Structures are given as C-alpha cells and as structure tokens.
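Novice: Protein sequence lines, in the order shown, are assigned to chains A and B. Each residue of the first sequence is one higher than the one before, counting from 1 in my numbering. Each residue of the second sequence is one higher than the one before, counting from 221 in my numbering.
These aren't lab readings, by the way, just hints derived from the structure by calculation. Be aware that one or more of the hints could be misleading.
Using C-beta positions, here's what the derived DEER-type ranges look like [stated by the list, open to error]:
hint	chain 1	residue 1	chain 2	residue 2	range
1	B	P426	A	P50	19 to 29 Å
2	A	T66	B	R242	43 to 53 Å
3	A	P21	B	V312	30 to 40 Å
Partner residues are not named here, just some residues of chain A that face chain B (Cβ under 8 Å, in silico) [what the hints assert, rightly or not]:
hint	residue
4	Q8
5	Q9
6	G58
7	I189
All figures in this text were calculated on a predicted structure; none of them were measured in a lab. Where is the CB? At the ideal position from N, CA and C, for every residue including glycine.
Number of protein chains: 2
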Amino acid sequence: MPEEERMQQGDRMDVAFVLYPRMTALDLVGPYEVLGHQPEVTAHFVAASPEPVRTDAGLTIVPTTTFDALDRADVVVVPGGAGWAEVLAEGVVAAWLREVHPTATWTTSVCSGSTLLAQAGILDGRPATTHWALRDELAALGAVVSTERVVVDGSVVTGAGVSAGIDMALTLVGRIWGDERARFTQLVIEYDPDPPYRTGSPERAPAELVAFARGLFAAG
Amino acid sequence: MPEEERMQQGDRMDVAFVLYPRMTALDLVGPYEVLGHQPEVTAHFVAASPEPVRTDAGLTIVPTTTFDALDRADVVVVPGGAGWAEVLAEGVVAAWLREVHPTATWTTSVCSGSTLLAQAGILDGRPATTHWALRDELAALGAVVSTERVVVDGSVVTGAGVSAGIDMALTLVGRIWGDERARFTQLVIEYDPDPPYRTGSPERAPAELVAFARGLFAAG
C-alpha cells in the first residue's frame with residue numbers, strides 16, 4: 001500500500017474528552033493517545049468550568065472548554081473513575097451528553113463512564129460494557145450488559161475497565177479511518193502488551209481475589 | 221491470604237512523575253494509574269517551572285513542584301515523547317536525575333524517557349529498553365539495549381514504547397509490595413488486554429509497515 005493511501009487524510013474531526021473530578025486519568029489518556037495524534041483530530045478537553053480538574057490520584061488536567069461553550073463534537077469520550085456516582089447525582093455530564101450525542105458521529109465511554117451514557121438514555125436497550133465491578137449498576141441503568149472488552153453498537157462504543165480504553169480507541173480508529181491506520185497507530189504506541197500476571201479480568205483472576213476487590217468497590 | 225496481609229501498608233513513598241513539553245501523556249499516565257493508588261504513595265508532578273505543561277497532542281498537566289524544589293524521591297518516572305530530543309539538548313532533566321537518582325530506591329523510564337536516564341549516566345553499560353524506533357539512539361548513549369518490554373536491572377527499570385509503561389509499573393509494584401498487591405492492581409485496572417491487531421511491535425508487524433513508521437520517526 002502506498003504511503004499516501006495509508007495516511008490519506010479525511011475530514012477534520014473534533015474529539016471531546018470529558019473531564020470531571022476524581023475521574024480515572026488512564027480511562028481518558030489511553031483513548032487520547034490513540035485518537036489525539038490522528039492528523040484530522042482537534043482534541044478538546046471539556047469540563048464544568050475552566051478550572052483545572054484533579055483526577056483520581058492527584059494528576060491535574062487543564063480544560064480547554066466547558067460544557068456550556070461546546071455544543072457539538074464528532075467524537076465524545078467519557079471516562080470513568082471514583083467520581084462517577086457524584087457526577088451521576090449532579091447530572092451535568094448526562095445533560096451535556098443529551099445535547100451533543102444526537103449530532104456526534106461516535107459517542108464512547110471507558111469503565112464507569114458508561115453509567116453517564118446510560119443516564120443520558122444513550123444505552124437504553126443497547127449492548128454495552130463497563131468496568132467488571134459495575135456490571136450490575138450498568139444493567140440497572142437500562143443497558144444490556146456485555147462482558148466483552150469493547151462493544152460497538154451503531155454509533156456507540158463502550159470499553160471495559162480503565163486500560164480497556166486503549167483497545168476501545170484502536171477499534172474506533174479502525175472504524176473511522178480503516179484498519180491500516182489503526183495497525184500503524186498500534187505499532188507507534190508499541191501496544192504489544194505483556195501483563196506480568198494473569199489477573200486482569202474477573203474471569204481469569206482467582207475468585208478470592210475478585211471477591212476481595214469487589215468488597216473494596218462496594219465500600220466506595 | 222487474609223486481606224490484612226494483601227493490603228498491609230509499607231513505608232510511605234514519594235513518587236516523582238517528570239513532566240516536560242511534548243512528552244507523551246500515556247507514557248506517564250500508565251505508571252501513574254498503577255502506582256498512584258497504592259496507599260503508601262504520594263504522587264508529585266515535577267517540571268522545570270510551575271506553569272502547566274502541554275503534552276504531545278494538547279492534554280495539559282499542572283505540575284505540583286519543580287526540579288529546583290524537589291531534591292529527592294523514592295521512585296522517579298521519566299516519560300518519553302516527541303519533546304525528548306529538545307529536553308536532551310537542554311539537559312535540565314538529566315541534571316535533576318543526576319541529583320535524585322543516587323538516593324532514589326527506583327529510577328524508571330518509559331519509551332524515549334530512557335535517553336534522559338542515559339544522558340544522566342544512569343544507563344552506562346546497563347541493559348535497558350526503549351521505544352523500538354529509538355534502539356540505536358539509546359545504544360549510542362551508552363546503554364546495552366534490550367528488545368524486552370520491561371527490563372529490571374538493579375534499581376533501574378525501563379519500559380518499551382508508550383503503552384509499555386503499564387507493564388513496567390505493574391512489574392515495579394510486584395517488586396516493591398509483592399506479587400499479591402500487583403495481581404490486585406492488575407485486576408482493578410482490568411488489564412486483560414485484547415489488542416485488535418497484531419502489529420504492536422516491529423517483530424510482529426509487517427516489515428513494510430515498520431519501515432513506513434520508522435521513516436516518520438526519522439523525519440521527526
């Protein structure tokens with residue numbers, strides 16, 4: 001394949017990365033690294049206010065715009081994180097998602113970010129995935145919960161917990177710009193994972209470890 | 221294993237995450253997500269000045285301290301990124317590494333961050349890894365370059381390109397707090413990767429794709 005074809009540029013795309021307090025930074029930065037370097041993409045970091053947002057363990061990110069100011073995006077990425085229940089209670093992210101989703105080409109989530117899509121009505125009766133410890137919560141919000149790592153359903157793409165955002169975004173790059181572009185992106189980020197343990201999912205990890213972790217999640 | 225034992229707290233640890241312009245955000249945020257939640261850890265984000273640092277594709281991070289103000293850390297994490305050659309030319313990060321490495325328990329890098337360790341003399345004659353496209357550059361700086369995804373040599377741990385920071389940091393958690401803690405961490409971040417393509421390393425990807433990507437790196 002000639003180089004021109006592999007990197008042929010499509011239409012420009014605005015990608016909105018949602019920020020909120022106590023979000024999980026990796027939920028966002030996995031997809032950011034995969035999507036943000038595509039030559040068509042302008043990345044926006046959107047939050048309730050222009051103030052820097054403190055994520056889960058102290059990393060603090062500066063928004064470039066606000067929910068009030070940004071009324072459309074071609075791609076929306078909603079991360080999860082410890083703050084998801086508070087954000088669900090406030091309803092600000094879901095209200096914004098109701099506004100931008102109808103005209104977005106792709107609406108996506110990672111981890112507990114799926115609960116915010118569900119609150120906005122985007123996952124009603126749809127197959128979707130989430131962090132393994134929150135499958136019941138997502139089902140209660142109306143989604144048809146899958147245990148897959150990435151679920152594509154129409155214009156909605158959901159990823160499982162935290163690190164699954166990388167797989168989700170590579171899948172999305174393949175859908176938007178084609179497999180050759182996605183293969184190239186995977187090589188550039190050297191995504192040839194070699195996890196040191198075999199405990200990355202509740203289906204693989206020892207039951208006793210899963211129960212222990214689930215207990216911590218339930219305790220908040 | 222009783223829960224108390226699995227999560228038994230050790231001594232507190234200061235982890236310094238290095239920031240510089242045009243760094244690759246995921247190089248830093250992979251290890252941050254793995255290390256930052258350990259109950260012993262205080263995360264510091266250290267840069268040349270207190271001004272927010274713009275990473276590779278626009279994500280902007282707020283430092284919590286500066287190279288002048290922080291003169292020690294138990295763990296140091298140095299990311300790579302498009303800005304590595306400029307930072308190498310300036311020498312500021314390497315100068316700081318020469319100061320903090322002798323008393324650090326662990327000095328680590330991801331991707332081209334290894335070149336900054338090498339410039340500080342930390343990799344002289346040591347086995348180390350880096351982004352696949354920079355193996356020759358790292359060898360020229362004095363390291364004994366490995367193609368492994370993670371290399372542990374004494375107190376120095378290096379990871380391959382970008383996404384390898386997750387594997388690097390999980391390996392490090394195992395060394396610091398034991399395998400049980402690391403298995404738990406891997407489950408919490410649901411690190412059960414399922415890359416959509418088989419092109420994550422130059423050893424797996426088609427030669428023609430590797431040559432294309434290498435050409436882009438050489439062009440800067």
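Novice: Look at each hint and say if it fits the structure.
Specialist: Tested hints:
1. Range check, P426(B) to P50(A): about 45 Å between beta-carbon atoms, so the 19 to 29 Å window is missed.
2. Look at T66(A) against R242(B): about 26 Å separates their beta carbons, and that is not inside 43 to 53 Å.
3. Look at P21(A) against V312(B): about 32 Å separates their beta carbons, and that is inside 30 to 40 Å.
4. Given hint, Q8(A) at the interface with chain B, is violated; its Cβ is 13 Å from that chain's nearest Cβ, farther than 8 Å.
5. The interface hint given for Q9(A) is violated, since its Cβ lies 14 Å from the closest Cβ of chain B, which is over the 8 Å cut-off.
6. Annotation: G58(A) was flagged as interfacial toward chain B, and the flag holds, the nearest CB pair being 5 Å apart, inside 8 Å.
7. Annotation: interface hint on I189(A) holds; nearest CB of chain B at approximately 4 Å, less than 8 Å.
The structure fails hints 1, 2, 4 and 5 (numbered hints given earlier, in ascending order).
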